[in-house]
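Student: Listed below are the residues making up each chain.
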Amino acid sequence: MSTAAAHTDRVDAPGAAPVLELRDVAVHFGGVKAVDGVTLTLEPGRIHGIIGPNGSGKSTLIAAITRLTRLTRGELLLDGKPIDDVAPSRLAGLGVARTFQTVRLLPDLTVRANVQIGADARAAAAGQRRTRRGWRDRLRGGGTSPAVVEAMRRTRLEGFEDFYPAEMSYGTQRRVEIARAIAMQPRLLLLDEPTAGMNQTERAEISALLQSMRSAGLCQLLVEHDVQMMIDTCDHVFAMNSGRLIAEGAPREVVQDPRVQEAYLGRRWREHARGQ
Amino acid sequence: MSGFLSTNLVLVQSTLSGLLLALSIQVPLRMGVFSFAGAGSYGIGAYGAGILVLRYEYGALPAIALTVVATAVVGLLLGLLINRLAGLYLAMATVAFDLIISVVAINGGELTGASTGLYGIIADFTTAQMVVLTLVALALVALSERGRLGRRVETVREDPELAASMGISVRRYRLAAFVASGALGGLAGAMNVLVRSTVGPLDIGFGLIVLALTMIVVGGSRSWVGAVIGAVIFTWLPDLLAVIGEWQELVYGVIVAVAAIYLPRGIHGVLADGVRWVQRKRRDRRAAAAGVVEEDEDGGVRPPEGEDLTGEGGVPLPARAGPDPAHALDQLAARPQAGS
Chain L
2 MSTAAAHTDR VDAPGAAPVL ELRDVAVHFG GVKAVDGVTL TLEPGRIHGI
52 IGPNGSGKST LIAAITRLTR LTRGELLLDG KPIDDVAPSR LAGLGVARTF
102 QTVRLLPDLT VRANVQIGAD ARAAAAGQRR TRRGWRDRLR GGGTSPAVVE
152 AMRRTRLEGF EDFYPAEMSY GTQRRVEIAR AIAMQPRLLL LDEPTAGMNQ
202 TERAEISALL QSMRSAGLCQ LLVEHDVQMM IDTCDHVFAM NSGRLIAEGA
252 PREVVQDPRV QEAYLGRRWR EHARGQ
Chain G
109 MSGFLSTNLV LVQSTLSGLL LALSIQVPLR MGVFSFAGAG SYGIGAYGAG
159 ILVLRYEYGA LPAIALTVVA TAVVGLLLGL LINRLAGLYL AMATVAFDLI
209 ISVVAINGGE LTGASTGLYG IIADFTTAQM VVLTLVALAL VALSERGRLG
259 RRVETVREDP ELAASMGISV RRYRLAAFVA SGALGGLAGA MNVLVRSTVG
309 PLDIGFGLIV LALTMIVVGG SRSWVGAVIG AVIFTWLPDL LAVIGEWQEL
359 VYGVIVAVAA IYLPRGIHGV LADGVRWVQR KRRDRRAAAA GVVEEDEDGG
409 VRPPEGEDLT GEGGVPLPAR AGPDPAHALD QLAARPQAGS
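Top to bottom, those sequences are chains L and G.
FYI, in my numbering the residues of the first sequence are 2 to 277.
FYI, in my numbering the residues of the second sequence are 109 to 448.
These aren't lab readings, by the way, just hints derived from the structure by calculation.
Certain hints may be false.
To be verified - Footprint (simulated), chain L over chain G, 3 or more residues, beta carbon under 8 angstroms:
id, segment
1, 118 to 127
2, 256 to 263
3, 379 to 393
Unchecked claim - If you want the footprint, here are the derived chain L segments under chain G, 3+ residues with CB under 8 angstroms:
id, segment
4, 18 to 25
5, 35 to 43
6, 78 to 88
7, 157 to 169
Ideal Cβ positions, reconstructed from N, Cα and C, are used throughout, including at glycine.
Let the hints inform the model, and build the full structure from the sequences given.
Tutor: Given below as structure tokens:
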């Protein structure tokens, strides 16, 4: 199937209430303006992407959204409600899940237990009390939630349940991180370079996985260096450079935007290309 | 059995109180809190129970209950005060707390018996009661290593930022660590003074920190099993080494040094690695028999022949387009920003 054909399957949600809004968000570290006046909107059932060269502020923006970095100015609205003062640990309860730029798994826990941490977060947020069976499971070392089984199935980790992170490749560890985030059953999923360290086949699998989750109404924000993957996966792409948004729109249009090409390749390269 | 118990009663009692003291340092360590406040709580527990029994004629169990509650509250207050500290600074602050307790004990006048301490603390407290209370505390600690709580404790220690993103309030867990440490230390001190009938400033000094740390380093810092191993070894070892006289100090030191260098996760870590190795061998045998999961040369999962990669409700993989300007970006995107 062609890329264009794949795009026709996408669930567009024009006019749907945004899941997340950023209004004039800035994060400054002393004189360094890591993020400077970013305004954007993320809608349900859509995959949004952020591209930009190294140091453009993509990961800082994710850190700001997850409240791990304090805003210098601006507003964050989740479902229309401000979350500027919400503690990072409360965001999971509000339906926000994330993966990190580097793999962050717990080395002494099995894959199953690592993914179960995501389901735990969901259960704690929902205020689920333990049943008698739950207590029996706990005494035996804890049972496996249906959310964990489903997350591992979607990320194709069946059979890896009893592996420890050190026994798996980097790419498979990445999948465990994604499974952990999926097990949280979030409304907003933030993925910071989820395919870093993966081969082409694995990247394609992750792309397909993210697209399959969109149909359930999940809002996703993806930060990636792999521009082709962004074109294949995202509905809407934001391009950043030096902490600012420089372009947004359909993925293919954004990557062909002269400002974006200049940000990636430099003005001289563009002038050189134009001259040929 | 009863003959062995009566012959070694003091060692058995010391093992139990030593185990709880080790746990009072190990439990916060498991939550990433580098605190030695358990030793200070031990002092408060010992003097508290002693004073309640000696001066106010409390029964053993009410005295223990009161001191455990008091040391838990002191732990909470200490936690609120120094919760923002981390690493060595936190450790130093808790050592200072322990030293303050020692100074208060020495300068407490008639109440604490000053430099001579308290004597003749006779209470209706039996070794059987001590065993039961220790087992209850041990069971609670063991439970905290399992299930959801165990995973959350692990997350708080290994990666506080990840913990926050998983909805875990790191601050709350750190405070809980101080409370648990206070209660365990207080219980250890209270029970020890009630079976010994005496306590003095020298019993609650800096040596307690060294003893507890030694037990944890050699036994293992990640599980209650390590604390049990450490408590047994370092309570019984001096008695077993008595035959070599003053050389026992050397043997003691060599054991600690060897454990610190070659067994960074203690004896329990070695046992856990052994169990994991056996599990891996069994798993590999099962996988080889079933021929299910294996990683390919690039480390990716090799899907069964002909299976759809997308899963339920999945969208088929988009094919890569032909020549595309984005391919150039794709290649160059990972490079540092070019000068513009």
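Student: Indicate, hint by hint, whether the structure satisfies it.
Tutor: Evaluation of the provided hints:
| no. | hint | in the structure |
| --- | --- | --- |
| 1 | 118 to 127 | violated (count 0) |
| 2 | 256 to 263 | holds (count 6) |
| 3 | 379 to 393 | holds (count 4) |
| 4 | 18 to 25 | violated (count 0) |
| 5 | 35 to 43 | violated (count 0) |
| 6 | 78 to 88 | violated (count 1) |
| 7 | 157 to 169 | holds (count 10) |
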